[in-house]
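Colleague: For reference, the chains in residue letters:
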Amino acid sequence: MADIQYKPADFKSDQDVRWCPGCGDHAILNSVLKAMANIGCPKEKVVVVSGIGCSSRFPYYVSTYGFHGIHGRAPAIASGLKTANPDLCVWQMTGDGDALAIGGNHFIHAVRRNIDLNIVLFNNEIYGLTKGQYSPTSKMGAKTKTSPYGTVEAPFRPGELVIGAQGHFFARTIDVMVQLSSDIFEEAARFKGAAVVESLVNCVIFNDGTHEIFTSRDFRDDRTIVLKHGEKMIFGKDKDKGLVLDGLKLKAVTIGKDGYTIDDILVHDAHQRNPGVHLMLSNMSYPDLPVALGVIRAVKGDSYDQKVTQQIAEVKQKAKIKNVDDLLNSGNTWVVK
Amino acid sequence: MAEKKKLIEKESVVIRFSGDSGDGMQLTGTQFSNTSALLGNDVSTFPDYPAEIRAPQGTVGGVSGFQLHFGNDQVTTPGDFCDVLVAMNPAALKANTRWIKPGGTIIVNIDAFIDKNIERAGYTENPLPEFKKGDFNVVEAPITTLTQEALKDITTDNKSILRTRNMFALGMTYFMFNLPLEHTFTYFKEKFGKNPDVMNSNKLVLEAGYHYAETIEALASRRVNVAPAKQKPGTYRNINGNTATAWGLLAAAEKANLELFLGSYPITPATEILAELSGRKDLGVKTFQAEDEIAGICTAIGAAYGGDLAATSTSGPGLSLKSEAIGLAVMTELPLVIVNVQRGGPSTGLPTKTEQSDLMQALYGRNGECSVVVIAASTPSNCFQYAFESAKIALEHMTPVILLSDGFLANGSEPWRIPSMKDFPEIKPPYAKKGEKYQPYARDEKFLNRYWAIPGTPGMEHRVGGLEKMNITGTVSYVPENHQVMSNFREEKVERVKNVIPKQTVYGAEKGDLLVVGWGGTYGHLYNTVKNMRKAGKDVSLCHFNYINPLPTNVAEIFANYKRIVVCELNFGQFANFLRIKHPQFNYLQYNKLVGLPFTVHELEEHFTKILKEK
Numbered sequence: 001m002a003d004i005q006y007k008p009a010d011f012k013s014d015q016d017v018r019w020c021p022g023c024g025d026h027a028i029l030n031s032v033l034k035a036m037a038n039i040g041c042p043k044e045k046v047v048v049v050s051g052i053g054c055s056s057r058f059p060y061y062v063s064t065y066g067f068h069g070i071h072g073r074a075p076a077i078a079s080g081l082k083t084a085n086p087d088l089c090v091w092q093m094t095g096d097g098d099a100l101a102i103g104g105n106h107f108i109h110a111v112r113r114n115i116d117l118n119i120v121l122f123n124n125e126i127y128g129l130t131k132g133q134y135s136p137t138s139k140m141g142a143k144t145k146t147s148p149y150g151t152v153e154a155p156f157r158p159g160e161l162v163i164g165a166q167g168h169f170f171a172r173t174i175d176v177m178v179q180l181s182s183d184i185f186e187e188a189a190r191f192k193g194a195a196v197v198e199s200l201v202n203c204v205i206f207n208d209g210t211h212e213i214f215t216s217r218d219f220r221d222d223r224t225i226v227l228k229h230g231e232k233m234i235f236g237k238d239k240d241k242g243l244v245l246d247g248l249k250l251k252a253v254t255i256g257k258d259g260y261t262i263d264d265i266l267v268h269d270a271h272q273r274n275p276g277v278h279l280m281l282s283n284m285s286y287p288d289l290p291v292a293l294g295v296i297r298a299v300k301g302d303s304y305d306q307k308v309t310q311q312i313a314e315v316k317q318k319a320k321i322k323n324v325d326d327l328l329n330s331g332n333t334w335v336v337k
Numbered sequence: 001m002a003e004k005k006k007l008i009e010k011e012s013v014v015i016r017f018s019g020d021s022g023d024g025m026q027l028t029g030t031q032f033s034n035t036s037a038l039l040g041n042d043v044s045t046f047p048d049y050p051a052e053i054r055a056p057q058g059t060v061g062g063v064s065g066f067q068l069h070f071g072n073d074q075v076t077t078p079g080d081f082c083d084v085l086v087a088m089n090p091a092a093l094k095a096n097t098r099w100i101k102p103g104g105t106i107i108v109n110i111d112a113f114i115d116k117n118i119e120r121a122g123y124t125e126n127p128l129p130e131f132k133k134g135d136f137n138v139v140e141a142p143i144t145t146l147t148q149e150a151l152k153d154i155t156t157d158n159k160s161i162l163r164t165r166n167m168f169a170l171g172m173t174y175f176m177f178n179l180p181l182e183h184t185f186t187y188f189k190e191k192f193g194k195n196p197d198v199m200n201s202n203k204l205v206l207e208a209g210y211h212y213a214e215t216i217e218a219l220a221s222r223r224v225n226v227a228p229a230k231q232k233p234g235t236y237r238n239i240n241g242n243t244a245t246a247w248g249l250l251a252a253a254e255k256a257n258l259e260l261f262l263g264s265y266p267i268t269p270a271t272e273i274l275a276e277l278s279g280r281k282d283l284g285v286k287t288f289q290a291e292d293e294i295a296g297i298c299t300a301i302g303a304a305y306g307g308d309l310a311a312t313s314t315s316g317p318g319l320s321l322k323s324e325a326i327g328l329a330v331m332t333e334l335p336l337v338i339v340n341v342q343r344g345g346p347s348t349g350l351p352t353k354t355e356q357s358d359l360m361q362a363l364y365g366r367n368g369e370c371s372v373v374v375i376a377a378s379t380p381s382n383c384f385q386y387a388f389e390s391a392k393i394a395l396e397h398m399t400p401v402i403l404l405s406d407g408f409l410a411n412g413s414e415p416w417r418i419p420s421m422k423d424f425p426e427i428k429p430p431y432a433k434k435g436e437k438y439q440p441y442a443r444d445e446k447f448l449n450r451y452w453a454i455p456g457t458p459g460m461e462h463r464v465g466g467l468e469k470m471n472i473t474g475t476v477s478y479v480p481e482n483h484q485v486m487s488n489f490r491e492e493k494v495e496r497v498k499n500v501i502p503k504q505t506v507y508g509a510e511k512g513d514l515l516v517v518g519w520g521g522t523y524g525h526l527y528n529t530v531k532n533m534r535k536a537g538k539d540v541s542l543c544h545f546n547y548i549n550p551l552p553t554n555v556a557e558i559f560a561n562y563k564r565i566v567v568c569e570l571n572f573g574q575f576a577n578f579l580r581i582k583h584p585q586f587n588y589l590q591y592n593k594l595v596g597l598p599f600t601v602h603e604l605e606e607h608f609t610k611i612l613k614e615k
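Chains A and B supply the protein sequences, listed in that same order. In this text, residue positions in the first sequence follow my numbering: the first is 1, and each later residue adds one. In this text, residue positions in the second sequence follow my numbering: the first is 1, and each later residue adds one.
Keep in mind the hints are simulated off the structure, nothing from the lab. Hints are not guaranteed to be accurate.
Unchecked claim - In silico BS3-like pairs for lysine-lysine, Cα to Cα no more than 30 Å straight-line:
| # | chain 1 | residue 1 | chain 2 | residue 2 |
| --- | --- | --- | --- | --- |
| 1 | A | Lys316 | B | Lys428 |
| 2 | B | Lys433 | A | Lys43 |
| 3 | B | Lys535 | B | Lys101 |
| 4 | B | Lys422 | A | Lys320 |
| 5 | B | Lys194 | B | Lys152 |
| 6 | B | Lys535 | A | Lys337 |
| 7 | B | Lys535 | A | Lys307 |
| 8 | A | Lys318 | B | Lys255 |
| 9 | A | Lys322 | A | Lys300 |
| 10 | A | Lys337 | B | Lys230 |
| 11 | A | Lys45 | B | Lys255 |
| 12 | B | Lys281 | A | Lys322 |
To be verified - DEER-style ranges, computed between Cβ atoms:
| # | chain 1 | residue 1 | chain 2 | residue 2 | range |
| --- | --- | --- | --- | --- | --- |
| 13 | A | Asp326 | B | Leu467 | 42 to 50 Å |
| 14 | A | Ser330 | B | His211 | 29 to 37 Å |
| 15 | B | Asp292 | A | Gln311 | 19 to 27 Å |
| 16 | A | Ser330 | B | Glu436 | 52 to 60 Å |
What the hints assert, rightly or not - In silico negatives: residues of chain A with every beta carbon more than 12 Å from chain B:
| # | residue |
| --- | --- |
| 17 | Asp14 |
| 18 | His106 |
| 19 | Pro148 |
| 20 | Leu248 |
| 21 | Lys320 |
Built from N, CA and C at the ideal position, the CB exists for glycine as well.
Excised from the complex, chain B in its bound form (with noise of 0.2 Å):
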């Protein structure tokens, strides 16, 4: 056994871990992120993995990967580039090559790197003595074979070996971040409790990865240890976005009174959100799996109708297919939240990537004139209090919200400061005075909404739809200069909103060189870039946002005291756009990229640098 060292003690750590897309990857990073929350470190997860449940075995393309940043400070991003890259084939680390950083540590299941898997990676020969005569710490780990030792007493089956063997790499990593193994151990009780070979599997296996790493001098005198980070105090858990989504419209239903309906139709990467709320019966919610995206979106607005919270989830092509039920809940003036997890576009793309290249299907992809309100969440964590207020605007202001996430805040998971249901809003619909004549499109004077009349109640029977309607009266009306009055009261309904949202804040300086402007889930990127250039005496700020349509009332008084404006997204330019259009006087520079993948923090300060150097 190698001689026990002292630890070296580190700011923060990014582990990658990779394999066949049914090496059980994501649960192994999952188990390591879930872990180093427990002791109290800030984390920032990034599962990365292929739209095929059972891509072709050892080729790249079937790489899954999960990546995280583990530190003692705040971690707002899931790193660039690894300290720690784990790869269960040939195929992973051929994948991966380009995000480990120098120095690294790559930990190989040498077992896999036979002459088949090596070619069907594509390498012509064996790439490790590259790697190990290259800036890296090759860590070739018999990983098969040992968790084939390891279970001798129990198995001999070939799968039930192939199934546990990333819990021997999840093992090693333990050790070299001295992390300790209960917490997986609960999980494997609390997961394979009924079955309790499976369970003694997982356990021995994890056991024999901790104990092999302890043995290996390259790892044993580079043991690593990341101490909690200074947190507010409280109860903390891990979410990620959809999750956090998913409780956000609950904490709305509560807070409004009202009992929650969401139609949806199973869609990449939106599909948990459906799949955790329809768990959630024991608070009462009506989930309706639907036939089709467009049966999500009108059941969800029948049950809005009827008097429920109503919400759809979705993702960009589903969101193409609710248009025109969009436009109708416009038309009604119905409350309805409507969930876009964004992914690489158009048509199929990249299911399982991200991408923010729907911000203008979501403004403007309607037949008419059909403004809707439009947030973005921009943490996995946020995405609850967006998801909360998009459901308190849209009911209380009775219009379609289209709530913006993506395919890296929807995975991705951070700790998360539980918070109180007492501190959060009453949500206070406006629901028709009974008493008086129901007038279906008589409009409250401040935010000229109409007013909720839920079938059931009598004496307010009224009909909507989607033709135009005479305002006030709400009958079917041709009458040209009425639908010019409605269609001003349904664009202005939704300007108002602006006087409700928060005043758009700005981090760094109040005047300045350069202003980076982000939206949504590229927030943790920015943030840690403009951080860094800050703390390098850079005259650097950022204006992130998360409230789109309507803007904030004081963009162009922030937008005023800067020289230089860069918006930075993952599309080709649509926030830019927008924005030239709401607010035309000023000069947007732009960086954008597409590749199914977030920002890393090194090409935004790349670039930024590049931008204050130019005169």
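Excised from the complex, chain A in its bound form (with noise of 0.2 Å):
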């Protein structure tokens, strides 16, 4: 794999690029395509599915093989490749409704089974192809085309669902930030098996400044935390402040101040099997808790590819059927002379 070097530009596709101006799924395009030279994986060897929505035309917007599917089923056509040819290296790209309204049975199923995919979920909280209708992680309360007095029903958490689902790779970015994306994608693609990064974007058209209230350049820093695993939980301007847990539940502090010292603050463990900890940090949000980025939780397990390859290669070693003339045979046979 490392023999090839590629650049960012070999794996981009000569289609013009149809998303709006100012679209957060701009700069996923250029953190994945940076991933992908880094990651160093044959181009021919990578497909790149997706399902319906803004975000899903990200194939045509990579010169590497592809499918654009149908709305919510990536998964599952993402399964079907990665099964039928496990030296592949697949991605899969989604949306929040793509992922958790009309695929969320093939999402979770993907996840549970640990396929070997790297699932990235574009967030924007609405509707965008469709012209701004709620979503399944809209805001409770959002006025949308289709609630025009508010949404009545909870948002999903996808970290919480990953994790519900026996995730064993849950990670967080946010479109402008290019660099953490492309870390995170890299980390996602080598990890073996269901890797979900979900990518928080801006829908400038419909949903604008969703995330605006901590992604902001200007206190992005007070009001999310970059983990990084075996490092503290250390975040602020002034790299000041920390986690710490208090009784069973996670509290911001200020190094220094009402007692905690840096001796205090939690470091993260992402290899760590129990989900506690990942739980409560992907579902840490502003103003409580500063929104957790990075990878949260990297816990390393089989992957369903590698299960069924080795259960084929186990039976067939010692099979006493070897073709389908031996087959036909088996069994219960008589002859008429």
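Work from the hints to combine the two standalone chains into their complex.
Modeller: In structure tokens, the structure reads:
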């Protein structure tokens, strides 16, 4: 893998990108191109699968193999592809509607099976391509074209869903943080199993500024925390804030205040099998706590495709039936002369 | 003991085993048919069971039946009416009364004819005295008591006794039809070898049933022998439609030198295809039991894109769920086999019963102009051939193919002369040529298929998807004229399959008074009827279809030679209507029924005779 030297441009297709100017998807595309170049998986082995929605146009904008599927079904298409051909590096591009509404069932099952897919979930909390209806991640009370008086339903939190489905890998990034995104995508792609990266993107047309309260450059450092495995959970413009465990809850504190020292600050363990802290971290929301970014959970486990391949190899080795003729003549047969 | 009598020779016999859905009647029937097939009889079987695993005990709704027809000549149906009915309780008797031939034998488990059961079956009083007065040979066998007696040294556990008493009934029928017990002993050994008590219990009860029958004058005096059928030399096995379908797909994978992928979700009566292939890891099959029907087909589409021979198996409601994804496979022009084992509909309908009412859904049930190849198997064993053909056409023409089977074919079994794989043609998918610039929607001139470029191949990176694509280049295109061009190509590609399928054949006369037209699983009954009527000198012929879309090229030529055409199907007339679209110049009479059961030869004969009499 490592022998091939790629530039991000090598993965760019000749098609015009048709997302709206200012859409967060452009930044994610750039981060993915960068990650693909760094990973060095031969281009012909990379396949990008998608469903329906703005983000699902992604396959047309990369020059790899690509499959633009139908609404919500990309995890199934990608699962079949990866199982058929485990050598491939399969990406699945999806949005909050595609993955969590119409395709919710396929999403949780792909995660549960731990199929080796890199799933990028573009979360803009709105239906963009159909022009502004609320999605399963829209905030309670959101006023949209189909909720003129505000929604009355609680949103999904993708991280919680992934962990609930026994997910092995969950990370979060923000569209504008290209380097962080590309680092995370790279780690997700190298991870053997279903890796879900929630990418918070801004829809400039129908839901402008939905994440702005913590993503704006002015206060991003104080309202988000970038988690790194093995490092202290420290955040803030002056790196003076941290997370501690207060009873059974997480609490944000200032180091040197209220008796808290650097030693009290938690160390992030993304490899920890027990999902308790990961769930708390992925559910953190501003203003109570900073929004967690980075790789929140990355727990090793066998992937579905590996196990399928292994099982077939084991059975084949011991098998008496080697071809269809053997099969047809197995069991009870009799001869007519 | 009754005096040993000479055996009565018969051409064929129909037996129906029936009891509660937990009584093991399916196993009993299967054992009988396997034994008679091993002795050289031709056999056709018909399992008829409720959707509930254990319906309320003793009720008519909970009766599970297994009918089998074995003979010394070609047997093409499981028989309309039975010579012998085994009824394990009053409900089984009640449910099957109308299927017993006049003069037939009824064996009842008399121990089950207690007031409670009689009442539960819906009788106001014990029905046996009435049957005895009628034209039946009623044998009241204390099956439960005698099973208990046979097992007294091994177990007194009531459950074990109840579980083995079906073998008592089987033993009785083995005696009645002069069949040996050994094959079933072998089965016990294979199945229960690790549990000697269970193995021995079954064996003892089977023997007890056999010897008990010997002592009953009414049975011993009517002992029947059915000579082996004259069959083509070769090695034979029993096979049912679902197994044959699964194996046909495997055969195609081998001939195409591809791995087989099946994405599926369990659904009656198609589940056994998934179950069979999931056990075929020895042949490298990848089965994906998906989270739902949609994922079943979508994983298969992903696998087809990835270069496997991909298939999905389902029944009617599942086909409805797969509609959108079939459109995706049509649009991406990928090879895919969709097996639809039809059952009674609409909605959940009659899950365990047969019907042919998904034909229009298979032909047209999608958004857009969305033609696919539709093929129908017509016997349990030829599901193998048509599954093979479906895969061959899918792969060589780069198109989804819907293979229609039905509950009757899926569960029914018959002896099958085992073919040799060397007699099957190679399958050659149109792979993209290396060294040439790959254009995803460039086409072969003859078949109009696009070429298959498998991910992993350097230099052929391309995108496919559900959006309309530009001719040749495959970029997304909303150009009005291009949509017309691509729509025409997709339609014409399927139409051109008619050039590779065999010409339609007719059984009977080339010209005549009445042409019976059928398709799919009704073949055995239609053939049997036409054969009987021709023997009796009637001017009837049969034109039975396996290739539905496209139709063979010589259909109009055939139809023009008959005064009348009657299209017989287990629906309201879907194939008749399709023929009216494709060949509107002919007048089509119809014979249809929707009772969840196959036609009977009797009713068909009656109907055709009536038509022949009409001027």
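Colleague: Can we trust that Lys320 of chain A is non-interface, i.e. its beta-carbon lies farther than 12 Å from all of chain B?
Modeller: violated, 8 Å
Colleague: Going straight from one Cα to the other, do Lys318 of chain A and Lys255 of chain B come out at no more than 30 Å?
Modeller: holds, 23 Å
Colleague: Taking the Cβ atom of Asp292 of chain B and the Cβ atom of Gln311 of chain A, is their distance within the range 19 to 27 Å?
Modeller: Distance hint for Asp292 of chain B, Gln311 of chain A holds at roughly 23 Å.
Colleague: Would the hint linking Lys535 of chain B and Lys101 of chain B be met if the CA-CA limit is 30 Å?
Modeller: holds, 22 Å
Colleague: Over 12 Å to the closest beta carbon of chain B is the bar; see if Asp14 of chain A clears it.
Modeller: Incorrect as stated: the minimum Cβ-Cβ distance to chain B is 9 Å, not above 12 Å.
Colleague: When you check the alpha-carbon spacing of Lys45 of chain A and Lys255 of chain B, does it fall within 30 Å?
Modeller: holds, 26 Å
Colleague: Would you mind confirming whether the straight-line C-alpha gap from Lys433 of chain B to Lys43 of chain A stays at or under 30 Å?
Modeller: holds, 19 Å
Colleague: Run the C-beta distances from His106 of chain A to all of chain B and say if the shortest one exceeds 12 Å.
Modeller: Non-interface label on His106 of chain A violated, nearest chain B Cβ at 5 Å vs cutoff 12 Å.
Colleague: Holds or violated: Lys316 of chain A and Lys428 of chain B, Cα atoms, limit 30 Å.
Modeller: holds, 25 Å
Colleague: If you draw a straight line from the CA of Lys281 of chain B to the CA of Lys322 of chain A, is it 30 Å or shorter?
Modeller: holds, 10 Å
Colleague: Over 12 Å to the closest beta carbon of chain B is the bar; see if Pro148 of chain A clears it.
Modeller: holds, 30 Å
Colleague: Hinted pair, alpha-carbon criterion (30 Å max): Lys337 of chain A, Lys230 of chain B. Please report holds or violated.
Modeller: Judged against 30 Å, a Cα distance of about 10 Å means the pair holds.
Violated hints, in rising order: 7, 9, 16, 17, 18, 21; the structure is consistent with all others.
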